[in-house]
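One line per chain: the protein sequences are A and B, in this order.
Counting along the first sequence from 1, when you hit position 9 you're at 9 in my numbering, and nothing is skipped either side.
Counting along the second sequence from 1, when you hit position 175 you're at 175 in my numbering, and nothing is skipped either side.
Keep in mind that a hint or two might mislead.
[Stated by the list, open to error] Below are the BS3-like pairs computed for lysine-lysine, each with C-alpha atoms no more than 30 Å apart in a straight line:
{"hint": "1", "chain 1": "B", "residue 1": "Lys18", "chain 2": "B", "residue 2": "Lys2"}
{"hint": "2", "chain 1": "A", "residue 1": "Lys19", "chain 2": "A", "residue 2": "Lys212"}
{"hint": "3", "chain 1": "A", "residue 1": "Lys89", "chain 2": "A", "residue 2": "Lys212"}
{"hint": "4", "chain 1": "A", "residue 1": "Lys88", "chain 2": "B", "residue 2": "Lys2"}
{"hint": "5", "chain 1": "A", "residue 1": "Lys89", "chain 2": "B", "residue 2": "Lys208"}
{"hint": "6", "chain 1": "B", "residue 1": "Lys18", "chain 2": "B", "residue 2": "Lys208"}
[Unchecked claim] For each label pair, taking beta carbons as the anchor points, the in silico distance ranges come out as:
{"hint": "7", "chain 1": "A", "residue 1": "Met17", "chain 2": "B", "residue 2": "Leu404", "range": "23 to 33 Å"}
{"hint": "8", "chain 1": "B", "residue 1": "Gly389", "chain 2": "A", "residue 2": "Thr14", "range": "36 to 46 Å"}
{"hint": "9", "chain 1": "B", "residue 1": "Phe295", "chain 2": "A", "residue 2": "Leu77", "range": "36 to 46 Å"}
It is worth saying that the hints were derived from the structure and are not from the lab.
The structure presented is a predicted model; accordingly, all values stated were derived computationally and were not measured.
All residues carry an ideal CB built from backbone N, CA and C; glycine is no exception.
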Amino acid sequence: MSDLLIELCGITKTYRMGKDVVVPALQGVDLDIRPGEFVAIMGPSGSGKSTLMNIIGCLDVPDSGTYRIAGTEVGTLDDDALAAIRNKKVGFVFQTFNLLPRLNALENVELPLIYGGDGHRRRERAMESLRLVGLADRTHHRPSEMSGGQQQRVAIARALLNDPALILADEPTGNLDSRSSAEILQIFQSLNDDGRTVVMVTHEPDVAEHTKRVVRMRDGVVQHDDPVTHRRRAEDELEAAHAALATVGAARPKTP
Amino acid sequence: MKFADSFREGLRSIAVNKLRSSLTMLGVIIGVAAVIAMVAVGTGASQQVQETILSLGSNLVTVSPRALTQDTLRGAGQQSQNLTLDDMNAVREQLGSQIVAMEAEQGAGPWQLTAGGTNWNSRVTGVTTDYPTVRDWPVASGTFFGDDEIRTYQQVAVIGAFTAQNLFGDAEPVGQTLQLRQAFFGGGGGRQSARIISFKIVGVLEAKGTTFGFNRDDQVLVPTTTAQRVLTGRTNSVNSIVIKAASSDEMTQLTRDVNEILLARHRIADPENADFAITNQNDTLAALSTVTQTFTLLLGSIGGISLLVGGIGIMNIMLVSVNERTREIGIRKAVGGRRRDILSQFLIEAITLTGTGGAMGILLGWAITVAVKSIQPTVPIAITPGTVGMAVGVSVAIGVIFGLYPAMRAARLHPIEALRYE
Chain A
1 MSDLLIELCG ITKTYRMGKD VVVPALQGVD LDIRPGEFVA IMGPSGSGKS
51 TLMNIIGCLD VPDSGTYRIA GTEVGTLDDD ALAAIRNKKV GFVFQTFNLL
101 PRLNALENVE LPLIYGGDGH RRRERAMESL RLVGLADRTH HRPSEMSGGQ
151 QQRVAIARAL LNDPALILAD EPTGNLDSRS SAEILQIFQS LNDDGRTVVM
201 VTHEPDVAEH TKRVVRMRDG VVQHDDPVTH RRRAEDELEA AHAALATVGA
251 ARPKTP
Chain B
1 MKFADSFREG LRSIAVNKLR SSLTMLGVII GVAAVIAMVA VGTGASQQVQ
51 ETILSLGSNL VTVSPRALTQ DTLRGAGQQS QNLTLDDMNA VREQLGSQIV
101 AMEAEQGAGP WQLTAGGTNW NSRVTGVTTD YPTVRDWPVA SGTFFGDDEI
151 RTYQQVAVIG AFTAQNLFGD AEPVGQTLQL RQAFFGGGGG RQSARIISFK
201 IVGVLEAKGT TFGFNRDDQV LVPTTTAQRV LTGRTNSVNS IVIKAASSDE
251 MTQLTRDVNE ILLARHRIAD PENADFAITN QNDTLAALST VTQTFTLLLG
301 SIGGISLLVG GIGIMNIMLV SVNERTREIG IRKAVGGRRR DILSQFLIEA
351 ITLTGTGGAM GILLGWAITV AVKSIQPTVP IAITPGTVGM AVGVSVAIGV
401 IFGLYPAMRA ARLHPIEALR YE
């Protein structure tokens, strides 16, 4: 038993498009992630970061190499077992939120419990999770009735529901304005402060600066793997923004 | 994933696409209604035929004279005088308790009937005492004639309800005199004469209604012996011997026994040359039910084709549904939905569509039969629990069969490709 949460060793993945086009997405990736880390995976498009993300999240399986999540060797698992890992050990947050449009916030958050088998107190647990992301008052709103930031918070609440060891976020702030981005990053940071492992794909350096470690990829391999030296706190930014707003308000000439 | 969740998801997606769902369901509704209505007509006809046959008396084995054909000789068939009352008595003696009752009939043809100032025309048949038992046909008033009347050639008659109505109206026929008349040219000089025979009416039969367009209540029954002596002159011979078996199961054995007794009595070694024929009511029923079953099957198939078309509609719409919900399937897989969860969700959706459609189709089919009945009350229609059960079963099965392929397509989707789908 190792104390690593994620153990990737020599991972390769090749996509075939049509008959002749072969896209080598990953060409031997080695990466270890310990529990409690906050990792940003960066790289230009086509560098393989999304593919790596999908493999870490058990949405896809590598062509070769070994991958262990919390000590479980994933390569030998069948479809149902992979689904169980996605359900219990991983919480996904996507760039496009990926909420079901027909369901309200509460029902969207409940979704993992429907497949988790543990159905008791489903509603209460979903409520709790929504409260955690500050959306206790939006339970019966549908995704179309919420802002992007709120939708992403619903998605985070959903990801947290089964108390997963790992939160995987794929460009979670990509579709959000800077204020909503800061709110989302604040949630991730506080989750990480509580000991939760977060892995986030991003191509924005200032977003990556909120994490503790940055893994840079290029052409399907890990190019750099460095700790973040000057870590930014989303809280501070939110406060600063708030203060700035107040200043603008104060500076505005009063109407007679 | 629990069934309740799958069911709720299925209902939700049906509710979201109300128009599409109802149009899809319409296919199944029409199909099931067609099957229900068509089979109801078929079953009704079948029941009517069966009731008709059994209303002639149940568990009957009938012996009738058979036309003998040898080289260029052609026998008389029904009118040949091969069977006698002695044959009947012999069978009765030898079979004893094996049979419930038996009777022998001799048709005397149509006669003009007069009573009081009215006249009527009806067919006259000579029968024996057990006629009411054999034919399950008791008298409504008066009594049936007994062995004494038979032995002594009494001129007594039991008349049918329709005949009674026509001759006597609402007056009581029992105790009245009935005259049978046959007019003919005779006595020389081209004069028309009439034969008039008087009968005393002793009973009136219960009404039985019409069979195959033939009014069974329009008849006059007299003792066989009287018919032989007074009406036809064919003494001793009968047109048929009708035997009632204790149960349907014993009819085959009874047929065999009667055959043996009569062959021995008539001294016929080769059954091929028998001068009588035995008809087993079961055989008649079986032959007729084959016909009506084919009829029902034909009607059912017509309904079945529309049900099939409805099923294809279900499959089509489910494929569309799976296609436009590819992303949803991806999301469900990403949060831990297994193949069988996705499969059951879509399958239950399809079954809910067809099941609801089936239930509504049953109501529609029932409404159609009620409507048809109110317009045309004589059309025999019967919706049996079996038909309803079959319709429900078939519509659910159609949901499974036509929903399975789309559901499997949904379940097999790769999570990433499904998530990327726009």
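Now the hints, each set against the structure:
no. : hint                           : verdict
1   : B/Lys18 / B/Lys2               : holds (25 Å)
2   : A/Lys19 / A/Lys212             : violated (42 Å)
3   : A/Lys89 / A/Lys212             : holds (21 Å)
4   : A/Lys88 / B/Lys2               : holds (17 Å)
5   : A/Lys89 / B/Lys208             : violated (79 Å)
6   : B/Lys18 / B/Lys208             : violated (53 Å)
7   : A/Met17 / B/Leu404: 23 to 33 Å : holds (31 Å)
8   : B/Gly389 / A/Thr14: 36 to 46 Å : violated (55 Å)
9   : B/Phe295 / A/Leu77: 36 to 46 Å : violated (59 Å)
Checked against the numbered hints given earlier, the structure breaks hints 2, 5, 6, 8, 9 and satisfies all the rest.
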